[in-house]
Amino acid sequence: MTPRTLTIALAGNPNSGKTTIFNNLTGAHQKVGNWSGVTVEKKEGVINRHGYELKIIDLPGTYSLTPFSIEEIVARNFILEEHPDVVIDIIDASNLERSLYLATQLREIDCKVLFALNMADMAQSRGIKIHTETLSDLLDVPIVFTVGNKNEGMDALLKKAVELAEQTQHISEGRKVRYSQDIEFAISRLQAFLQKGSSGTLPYSDRWTAIKLIEDDQIVRDRVLTLAGDSRQSVQDEIRVARQYVMDRFDDDPEIIMTDERYGFIAGIVKETVTTSARQRVDISRNIDRVLTNRFVGFPIFVFFIWAMFQLTFTVGEIPKAWIQSTVSGLSSLLELHLSDSLFKDLLLNGVIAGVGSVIVFLPNILILFFCISLFEDTGYMARTAFLMDKIMHMIGLHGKSFIPMLMGFGCNVPAIMATRTLESEKDRILTILITPFMSCSARLPIYIVIAGTFFAGRAGTVIFSLYLTGIVLSIVTGRMLRSTLLKGLDAPFVMELPPYRVPMARSVMIHMWERSKMFLKKMGNIILIGSVIIWALSAFPRNITYSKDFTYEIQKLQQKASKDIHASADPAARISLENETAASIEAIKRIMKAEKIENSYMGRMGKMIEPVFSPLGIDWRGSVALLSGFVAKEIVVSTMGILYVAEGDKDSEALRTALLSSGMTPLSAISMLVFVLLYLPCLATMAAIRRELRSWKWLLFSIGYSTSLAWVMAFLIFQVGKLLHLGV
Amino acid sequence: MLLSEIKEGQTARILRVGGSGALRRRIFEMGIVKGTQVCVDKYAPLKDPLEIIVMGYHLSLRVEEASQVTVELIQSDDKRTAADNRHLPSAA
Numbered sequence: 001m002t003p004r005t006l007t008i009a010l011a012g013n014p015n016s017g018k019t020t021i022f023n024n025l026t027g028a029h030q031k032v033g034n035w036s037g038v039t040v041e042k043k044e045g046v047i048n049r050h051g052y053e054l055k056i057i058d059l060p061g062t063y064s065l066t067p068f069s070i071e072e073i074v075a076r077n078f079i080l081e082e083h084p085d086v087v088i089d090i091i092d093a094s095n096l097e098r099s100l101y102l103a104t105q106l107r108e109i110d111c112k113v114l115f116a117l118n119m120a121d122m123a124q125s126r127g128i129k130i131h132t133e134t135l136s137d138l139l140d141v142p143i144v145f146t147v148g149n150k151n152e153g154m155d156a157l158l159k160k161a162v163e164l165a166e167q168t169q170h171i172s173e174g175r176k177v178r179y180s181q182d183i184e185f186a187i188s189r190l191q192a193f194l195q196k197g198s199s200g201t202l203p204y205s206d207r208w209t210a211i212k213l214i215e216d217d218q219i220v221r222d223r224v225l226t227l228a229g230d231s232r233q234s235v236q237d238e239i240r241v242a243r244q245y246v247m248d249r250f251d252d253d254p255e256i257i258m259t260d261e262r263y264g265f266i267a268g269i270v271k272e273t274v275t276t277s278a279r280q281r282v283d284i285s286r287n288i289d290r291v292l293t294n295r296f297v298g299f300p301i302f303v304f305f306i307w308a309m310f311q312l313t314f315t316v317g318e319i320p321k322a323w324i325q326s327t328v329s330g331l332s333s334l335l336e337l338h339l340s341d342s343l344f345k346d347l348l349l350n351g352v353i354a355g356v357g358s359v360i361v362f363l364p365n366i367l368i369l370f371f372c373i374s375l376f377e378d379t380g381y382m383a384r385t386a387f388l389m390d391k392i393m394h395m396i397g398l399h400g401k402s403f404i405p406m407l408m409g410f411g412c413n414v415p416a417i418m419a420t421r422t423l424e425s426e427k428d429r430i431l432t433i434l435i436t437p438f439m440s441c442s443a444r445l446p447i448y449i450v451i452a453g454t455f456f457a458g459r460a461g462t463v464i465f466s467l468y469l470t471g472i473v474l475s476i477v478t479g480r481m482l483r484s485t486l487l488k489g490l491d492a493p494f495v496m497e498l499p500p501y502r503v504p505m506a507r508s509v510m511i512h513m514w515e516r517s518k519m520f521l522k523k524m525g526n527i528i529l530i531g532s533v534i535i536w537a538l539s540a541f542p543r544n545i546t547y548s549k550d551f552t553y554e555i556q557k558l559q560q561k562a563s564k565d566i567h568a569s570a571d572p573a574a575r576i577s578l579e580n581e582t583a584a585s586i587e588a589i590k591r592i593m594k595a596e597k598i599e600n601s602y603m604g605r606m607g608k609m610i611e612p613v614f615s616p617l618g619i620d621w622r623g624s625v626a627l628l629s630g631f632v633a634k635e636i637v638v639s640t641m642g643i644l645y646v647a648e649g650d651k652d653s654e655a656l657r658t659a660l661l662s663s664g665m666t667p668l669s670a671i672s673m674l675v676f677v678l679l680y681l682p683c684l685a686t687m688a689a690i691r692r693e694l695r696s697w698k699w700l701l702f703s704i705g706y707s708t709s710l711a712w713v714m715a716f717l718i719f720q721v722g723k724l725l726h727l728g729v
Numbered sequence: 001m002l003l004s005e006i007k008e009g010q011t012a013r014i015l016r017v018g019g020s021g022a023l024r025r026r027i028f029e030m031g032i033v034k035g036t037q038v039c040v041d042k043y044a045p046l047k048d049p050l051e052i053i054v055m056g057y058h059l060s061l062r063v064e065e066a067s068q069v070t071v072e073l074i075q076s077d078d079k080r081t082a083a084d085n086r087h088l089p090s091a092a
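Just so you know, the protein sequences line up as chains A and B, in that order. For the first sequence, the numbering used here assigns the number 1 to the initial residue and increments by one for each residue that follows. For the second sequence, the numbering used here assigns the number 1 to the initial residue and increments by one for each residue that follows.
No lab work stands behind these hints, which were simulated from the structure alone. Yeah, the Cβ is synthetic: ideal placement off N, Cα and C, and Gly gets one too. Keep in mind that a hint or two might mislead.
Unchecked claim - Which residues of chain A face chain B? A partial, calculated answer using Cβ under 10 angstroms:
#, residue
1, ASP92
2, ILE128
3, HIS131
4, ASP260
5, ALA267
6, ASP289
7, GLY298
8, ALA386
9, PHE387
10, MET389
11, ILE396
12, GLY400
Said to hold, decoys possible - Restraint-style ranges between C-beta atoms, simulated for each label pair:
#, chain 1, residue 1, chain 2, residue 2, range
13, A, GLY127, B, LEU73, 21 to 29 angstroms
14, A, GLU184, B, GLU5, 35 to 43 angstroms
15, A, GLU81, B, LEU2, 38 to 46 angstroms
If we strip away everything but chain B, and leave its shape as in the complex, we get (with noise of 0.2 angstroms):
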């Protein structure tokens, strides 16, 4: 599924990021790479942008962006957990 299919407070693991050019690199270097954990914080109140935890830091992307990057739902709806686990490096 895709990044923007993550619902709030939700955590995924990516598998892919498609796109091309600067931006695929810019997202990369954020670091989301294959692997990572990123949990879905929040989204704007007008929807877009989101909000993401990577890394233990925040990062918002737009939604279009989101959905280039192609992940895995590891946990479903628990916020608390989601919360503890957001400042462990991620499981590469």
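This is chain A alone, in the form it adopts within the complex (with noise of 0.2 angstroms):
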């Protein structure tokens, strides 16, 4: 017999340990994804416990269950509908007062909930003194001590929560916040219209949807609108005429006076609970503050930080992404030797292979990134970021916490798209995700060196520099833009939270890690594996096409000649040299071949449909294809570049330097085709990136038109002005 499933929900402010905790009670049995709808991470495990299945869920963390950000819709929507057995309100013991409000709020629902007071051992320390026993009485909430990070108290908290859901009597209606006679009177006159009223069914309890109407809770309120039907207006009536009342008396808005009341009920508790010794403290992370944000050392210590996060992440990261690459070319020289030819064989190698091999190299520097990333939040690094930074993410109409993954983007898109979660305001989200593409990724770099120092060897690096300060100054110019049309509305309030800093702990930071990574793979895996493909089959097909020579007997006419010959010639060494000879012949017109073919493919067929497109910018038919092949990721233009440019000799950068510049590609158009490169659609894994953190193609369709033309526009001014004042022609 399977046993019965209880859900477990926990509940918690930011900060309140509440993620070490679900991870002490799930460890490994744990599954990531999203809530419906929304990208705020959904995370639950399920274990076997005291005889039943506790499937526990870690709602976001929030400061309260009013439904402003998405965090908080999620929390509060999934204790009203989904009905948990239990919530658990983990409760931070040194930080109780505020703590309350979520707890007081929790209280209000009908549900059954438990308070794990977390970090007593902390508070103490720190001279507080909770008695529990008369907290636990006045609030009517069994409460359990814990300390997530020492995995002290977890399986009391189990325990406490299966008897409390076991028990089958209706939670009591008294212990609850009581206001004050006004607004109670208020209450309860909704209240009982509400219970005669003809819509029967209401969705909650009466008194907690009395409450958040007067609180004027748009979500309940339009609810209650739609099942009231033709009483809708009378309804209406009603609602506003309590809140008139309330106002009336208090001379400002009922829900903001309930607000002030539940602090005031708060504060009653508190200090009939909390005993504070004065002691002497030295407060730790209060010094740590002091030096890292500190008017003279903050930035440049922060600098540091993001620096060695970059050395880490790139530096460090190039050795095992060498690992996979070799293992990634070893695999396909494999397939390669031992299958034979046939359409299958190129799908695999030149397809799935080389699109899906492609991306995973990344993957060393993805898990550096995202550990960093997460050191940055568990040590409570990041809010002190995002206060150094948000006076000047401000100015581009972004907050504080924009500036991580913006900068992450000098690395690559991926892994900053997705960064972009530590985000809570979705416009602020979707601004970030939208200017991310314009931060110069490591890919693009292998492109500006080889046309940089092809055409300006000496200035390179300021050609190099000077891109990489376009693309910040059009991020900033795109942003203030979108800021005052599309995503307009008011700016995302700046009350953070600054936590205490706190040592990591190695096992969440690896699980936060891993959890990154694998949603990475795993969705950029299906995403890419198709676009790869569908890219292969472009540069793949028609089979059957017309090359301007009939190469292949060529190359067995060479061979043939070869064999006579060595077979003649006496000299051992003169035979070595003919051979390696005809193997270097055979080897350019195979070259020569793979270009035509290329030139024949729907690829390039494409580029050479959409060369006029292109020759305003003075890009040639061959660059348009290596562009269009920059759509899987931006290395392979280089890469495309050598194929059909050095169409004889050999294929290393010296020969595509000298390549270019008798390709009649001029540093004006050079120029161009770098902007367009800086700037023209995301790749194919960023791409996939911004579909997922946004949820919504008309986004992406929106960054990938956006940033296309922003890209031709500016390569189009750049070579008509540049023509017309003769530079660099």
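Put the complex together from the two separate chains, hints included.
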């Protein structure tokens, strides 16, 4: 017989140690996904304990259940609609007063609540003593002591939760927040009206519904009005009367008065349950902060941390990246040897392995980057970076927290876009995601190096630096523009807690890092796989193309001639050189074949077809095809250029340089191409990330359309104006 | 006076929270309610945002947001006393 399932939801303030407790409870048995429709991480784990199957849900960390942010809506909806058997509210003992705000709100909803008083040991060392029994009594809620980072109290917590779930009696009405007389009057009047109302089945408890209606809670009001049907008007009137009644007596919005009164209620509880001994304390966290956000050294230290993160990610990360690269190419050459030539082999090698391989090599970088970010988050430094940078970011119309994702964009846009999850406001998140692709990622660097190195030998560094700068400037311009048009609205408030610094727990950092990387692998994998196959098909079909010459015959002829000559030759040294010579000529012919094949493939035809679009930018069809191929990953632009421009000779970078110089490309068209590469549509993996994080095709299409047209316009202006001024032609 | 006019290290008591809508409510919900004591811990290096200590925890808000909050100064520039008082529950 399968055991009965109990659903236990974990609620609590951000930084209350909720995630640590969740990790302790569920260990490796957790599943990370998204709450339907929003990009808030949903974590759940199933464990078997005390004769039940316990499904533990980690609700988003919130300070309140007022439905302002997505997190709050998600947390509240889960409690209201999914009816978890027990809600455990994790309360940070050293932050009792504020934590109790959420607790009183939970208490108002009709659900079974259990408090986990977390980190009481730390509170005690800070001179705060909480009289648990009194607190438990006053709020009529069972309390369990826990110390999350020492894994203490977890069993007791689960045991109590199960006990509470088994209780059949209804939750007592008492011990909830009592408001002042006038408000209570308005509540009970509205409550009575709702009870006799024809609407019948109200979704939630009467008292709670009445309170929310007086607080002008949009979600509850809409639900009640929908249910009301014909009596809609009278319900609306009744709500207005109740609100007006409170407003007349307090001369302020009811929701403000009620928040005020809740805190008053909490202050009363705190007075009765907390004793603070005035002992001299050394506040380590505050001293650390004195240094890290110091007026003079705060920024230098910040820059150092960021520099270190980049070094770790993109320098140390190169080592395992090289291993993966060689494994992928090893696998590919192994298959090359052992499979007979077929369409399937071509698909497997040049489509699947080449495409997925080009993405999987980023795994080490992403693991390290997420490791650093988890470290920043878990220590509490992330909030300080937002504190330091907010002034600057606010000028672009963004939040201080947008800085880290944008900065990471210089490494790779994919993790950068995934890092926007730390942003609370949807609009900030959208805006940050839309401008992040203008941060020139490391994959674009090889293209810059080849082109700028070829045309601006001595000044290549300056050119590349200017490109990075152009990206930043355009992201600022875009940010300001979108803020005043499509993403208009109030700036998200910067009311942000600066949590105390904590020593991160290895386990938590690892889980964090791995979860995010796994998401990258899984989701990116699907889209990349499909995308790579499409790109492969475009460059591999049609199969039967007519070459300008019969290359197969030429190769055969060469081989025959060579074998004859080799047989005829007596000198072994001459034989070897002859063999090498033949191999080189065959290689050259194969290269021409490949170039012609690409030229005649659908991709090549598309390149030629869109050439008129690119010629005003000074880019020929070969450049166009190379740019098209950059759709999969921007590094591929270089290798396609290598194939297309260097028809003969070796395919090393020197040859590509000479070929580019003689291809008719001028320094001006080179700049135009560089700017285009900087700005045009994000690579497939980035697009997949955008789609995933914004859950919207509309914004993805906007991002593609906007960046590509901006790229075209900028490149067009540069090329045409430059041509008029006779610059670099 | 306004919360944005309080200097580093000074403690003040909240009199009124102005502004409107979601922001005002959010400020309230974070514990900045009438009668609560707040201590301005420091300003960011670029003078915005600022960090305050309220109900024993650290909160940052922009100068613009702090200028919506009317306060009365209750303690002038005595960092040590302010630091000792910050874990005390509010005198509501």
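A quick look at each hint next to the structure:
Using the Cβ-Cβ criterion of 10 angstroms, the hint placing ASP92 of chain A at the interface with chain B is satisfied: the shortest such distance is roughly 9 angstroms. With 10 angstroms as the threshold, the beta carbon of ILE128 of chain A comes within range of chain B, its nearest partner Cβ sitting at about 6 angstroms, so the hint holds. The interface hint given for HIS131 of chain A is violated, since its Cβ lies 13 angstroms from the closest Cβ of chain B, which is over the 10 angstroms cut-off. A cut of 10 angstroms between beta carbons decides the hint on ASP260 of chain A: the least distance to chain B is about 5 angstroms, and the hint holds.
Look at ALA267 of chain A: its Cβ gets to within about 4 angstroms of chain B, closer than 10 angstroms, so that hint holds up. A hinted interface residue such as ASP289 of chain A counts as satisfied when its beta carbon comes closer than 10 angstroms to some beta carbon of chain B; here the least separation is about 8 angstroms, so the hint holds. Using the Cβ-Cβ criterion of 10 angstroms, the hint placing GLY298 of chain A at the interface with chain B is satisfied: the shortest such distance is roughly 5 angstroms. Hint status for ALA386 of chain A: holds, given a least beta-carbon distance of 8 angstroms to chain B, under 10 angstroms.
The interface hint given for PHE387 of chain A holds, since its Cβ lies 5 angstroms from the closest Cβ of chain B, which is under the 10 angstroms cut-off. Residue-level restraint check for MET389 of chain A holds (minimum Cβ-Cβ distance to chain B is 9 angstroms; threshold 10 angstroms). Taken as an interface hint, ILE396 of chain A does not check out: its beta carbon lies about 14 angstroms from the nearest beta carbon of chain B, beyond 10 angstroms. At about 8 angstroms, the closest approach between the beta carbon of GLY400 of chain A and any beta carbon in chain B falls short of 10 angstroms, and the interface hint on this residue holds.
With their beta carbons about 26 angstroms apart, GLY127 of chain A and LEU73 of chain B fall inside the hinted range of 21 to 29 angstroms. GLU184 of chain A and GLU5 of chain B have their C-beta atoms about 38 angstroms apart, which keeps the hinted 35 to 43 angstroms range intact. For GLU81 of chain A paired with LEU2 of chain B, a C-beta distance near 42 angstroms keeps the hint of 38 to 46 angstroms intact.
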